[in-house]
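I would like the entire structure built from these sequences, with the hints used as guidance.
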Amino acid sequence: MASEVLMPALSPTMTEGKIARWVKNVGEPVHAGDVLAEIETDKATMEVEAVDEGVLAKIVIPEGTDHVPINTPIAVIAENGEDVREAEAKRRPAPAQNKVPDAKAPEAKAPVPPDQEAEPTPPRPAIRDGAVAAPPRPPPAPAADPGEYTGKTVTQTVREALRDAIAEEMRRDNSVFLLGEEVAEYQGAYKVSQGLLQEFGPRRVIDTPITEQGFAGLGIGAAFAGLRPIVEFMTFNFAMQAMDQLINSAAKTRYMSGGQMAAPIVFRGPNGIASRVAAQHSQCYASWYAHVPGLKVVAPYTGADYKGLLKSAIRDPNPVIFLEHELVYGESFAVPEDPEFLVPIGKARIARPGDHVTITAFSRMVKLALQAAEELEKAGISAEVIDLRSLRPFDVEAVAESVKKTNRIVSVEEGWPFAAIGSEIAAIVMEECFDWLDAPLKRVAGKDVPLPYAANLERLAVPQVEDIVAAAREVAYR
Amino acid sequence: MAVARKPNRVKPADAQISAETLKRWYADMLLIRRFEERAGQMYGMGLIGGFCHLYIGQEAVVVGVQAALQEGDTIITSYRDHGHMLACGMDPKGVMSELTGRRCGYSHGKGGSMHMFSPEKNFFGGHGIVGAQVPIGTGLAFAHRYRDDGRISVTYLGDGAINQGQVYESFNMASLWKLPVVYVIENNRYGMGTSVSRASARTDLYHRGVAYGIPGEQVDGMDVVAVNEAALEAAEHARAGQGPIIVEMLTYRYRGHSMSDPAKYRTKDEVNRMRTEHDPIDHLRQRLLDEYSAREDELKQIEKRARDIVIEAAQFAQDCPEPDPSELWTDVLAEA
Ligand SMILES: Cc1ncc(C[n+]2csc(CCOP(=O)(O)OP(=O)(O)O)c2C)c(N)n1
Ligand SMILES: [Mg+2]
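Protein sequence lines, in the order shown, are assigned to chains A and B.
Whatever position you read off the first sequence (first residue = 1), add 1 for our numbering.
Whatever position you read off the second sequence (first residue = 1), add 226 for our numbering.
Derived from the structure by calculation, the hints contain no laboratory data.
Among the hints, erroneous ones may be present.
Unchecked claim - Pair by pair, the computed Cβ-Cβ distance ranges are:
| hint | chain 1 | residue 1 | chain 2 | residue 2 | range |
| --- | --- | --- | --- | --- | --- |
| 1 | A | D43 | B | R501 | 24 to 30 Å |
| 2 | A | E186 | B | D430 | 18 to 24 Å |
| 3 | B | A437 | A | G152 | 55 to 61 Å |
Claimed, not checked - Simulated crosslink set (DSBU-like; lysine-lysine; CA at most 35 Å straight-line):
| hint | chain 1 | residue 1 | chain 2 | residue 2 |
| --- | --- | --- | --- | --- |
| 4 | B | K237 | B | K530 |
| 5 | A | K44 | B | K490 |
| 6 | A | K448 | A | K253 |
| 7 | B | K494 | B | K526 |
| 8 | B | K319 | A | K44 |
| 9 | A | K448 | A | K348 |
| 10 | B | K319 | A | K19 |
| 11 | A | K448 | B | K347 |
Please read these numbers as outputs of a predicted model, since none were measured by experiment.
Yeah, the Cβ is synthetic: ideal placement off N, Cα and C, and Gly gets one too.
Next comes the structure, spelled out in structure tokens:
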């Protein structure tokens, strides 16, 4: 029996790709493990290997074709001895749509042949990402920043904005360097440090062994000695290996030394959930770090904030925990080009003004909060979305001011609910504007369980737009 | 104390290994190879999500070591764990169903590729944090010593994991307390995109226990017979109460680190050379034909069986439903 080769998903977030090159020709024999084709994904060029043995009977999608959705049949392999043309003929009537083996897979869309001018296909939702509820939206208009930036902007992904922030600060200050696993030659596990090794060389862009406690401590030592390290954790899950150094050495030393010592250092990397990577690789550490005096903690959402806050963090004389989000790296925003554009640490941002209910969020949850606000608008509820951006110091005033206007508040976060950022906001609201409240605060948070792997359970565990909408309606009593 | 062995030094005949045994190992390695290829394919179809680290190329290590163990010995490894589970005798259907995130999986869909366990088969995971399994495996050995049950712990770790500090904390305790643990370093030359020489000050990793008085040796991990012989000796050492021992298996992974790794840090030539000249499965097959006058048709039979088991597991793993939503809340704590 002939078998079809389907367009494979080659990363947790890939939804479509380009057939860069067919390595095998029609009629050539194929063994399990042979490379059939090269495919360009959202992140890299990868090889597709055969699983079955036989003869390459047909190439369904020619090389050079872009935007081929995963699971589209791209070739046919006939069994040895099977008549190639016959196998091909048998296959031909089968429409691609009927061949999609998984109910969750996207409807196979006619791929765009090469060199044919066509509308660029918009990115599709990460289909296997249980956490992405709504279809993708065009990049939001640059939100009014308190910095009131009026200069030139460039449309960039968060990934690029981070890279530019690092590069600009490294150009500006020779004592800034980047240290972490796979940051140099591999160009970053999540491709954030792309090109930095090439520009700054191995003295300043340094690959480490897998020894988080060691290199975090080393970074702190270098900071004590007056350098300005940027330490990348491949993800913040692995920073737990280094927790003692972050808290006991980085956070406390200034105080313990009576102000003689300083650790101007940035610890950065993706925090929170990713896509189906299970409990040990999916956790929000925001409240852990926000608990600690002697640290600054930021968790931005927009590209401009990513860039402006990272630059502020690098220039800050204190240890800064810079929480990024893998699922936001690929999102595009208008980002200021001016290398002196900075976003102050400790200031929240009104991401969307409104009158009836305040919704606080940070990091990726801002996106969901904005989507919820749009839903609420349709129901006649005007929500004010506050992008907290900084968690320590916390912009108490911004939250209190908003609540005094709306009289209702919902806090949203990806992490666990107990002793969380939402708990802190509840306390702040009690202390600062209790008399203005018309309803008890409502918290939307990750479920109080380690993150499960199964797609259906993962979706249930992570806050969704509909959870935010429901909470807002509840506090608005409608 | 740390000794490097010459690669390929053991002839199965010298080691007096029967044709039956070799065929079983052949079948075991093939099962892992076919299983992993299928898992890779199912990942491509969106049936498996997240991280999925394939064991293709390294099969001889886990099959050779497992064959040296006794009932009740305990095993622990990292996230590159599918091969270890199959070698322990865990059900391919249960493993594949965990990969697809279904309720029939070993962790009922809650753990995924990196987190499976089987107390019944003495398999203790499936751990996602590089190096974290090493103290835990040392703790399994502690329990064996505590109970004086004559069992040993086999703790696998990678060439990247070997640089984690907790590995050396473990080495010290294991040696100090003469714990029955075999540390198997699977040196597949890369930790993600970093070659051993870019991550380790000394690249002969079997020396890493020297400061703690732990003997070590280096073995051709592409040769299942050599692996088995070294593992038998190491297990004997640990079981006899002489404390921990390190075996560094020189091996190779053919695929990327995980599914999304374009593997630009090594040449295609390098990979092809390993595949064509050092493949552990091809080698054993050739030996069976040349030195054991195995028949082509009986090997074909073994190959077909591996394929059938995997096809059945793959189907099973797609048919089994997702976990019930109520499962979200179970298993966080036990009833006290
Ligand atoms: C503490 C920690 N740091 C980083 C990672 C990310 N990571 C996962 S696997 C890996 C490479 C490990 O290499 P090695 O120990 O050689 O094992 P192999 O993958 O080759 O089997 C890295 C850096 C992690 N999971 N845990
Ligand atoms: Mg390795």
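Do the Cβ positions of A437/B and G152/A conform to the proposed distance bound of 55 to 61 Å? Given about 57 Å between the Cβ atoms, the range holds.
Query raised in the report: Can the restraint linking K44/A and K490/B be considered satisfied, given a maximum Cα separation of 35 Å?
Result: Holds, at about 12 Å.
- Starting from K319/B, check that the Cα of K19/A is at most 35 Å away, please. 33 Å, holds
Assess, step by step, whether the Cα of K448/A is no farther than 35 Å from the Cα of K347/B, and give holds or violated. 32 Å, holds
Regarding the pair K494/B and K526/B, is the alpha-carbon distance no greater than 35 Å? Answer holds: K494/B to K526/B is near 29 Å, not above 35 Å.
Inset, instruction - Would you check the hint for K319/B and K44/A, treating anything up to 35 Å between C-alpha atoms as holding? - result: 32 Å, holds
Between the beta carbons of E186/A and D430/B, is the distance compatible with 18 to 24 Å? 23 Å, holds
Distance restraint between K237/B and K530/B, which requires alpha-carbon spacing of 35 Å or less:
At roughly 27 Å apart (the allowed maximum being 35 Å), K530/B and K237/B satisfy the hint.
Need the status of pair K448/A, K253/A: alpha-carbon distance at most 35 Å? 32 Å, holds
- Task: Could you see if the CB distance from D43/A to R501/B stays within 24 to 30 Å?
- Result: Since D43/A and R501/B have Cβ atoms about 28 Å apart, the given range 24 to 30 Å holds.
* Asked: Are the Cα positions of K448/A and K348/A separated by 35 Å at most?
  -> 28 Å, holds
The structure shown violates none of the earlier numbered hints.
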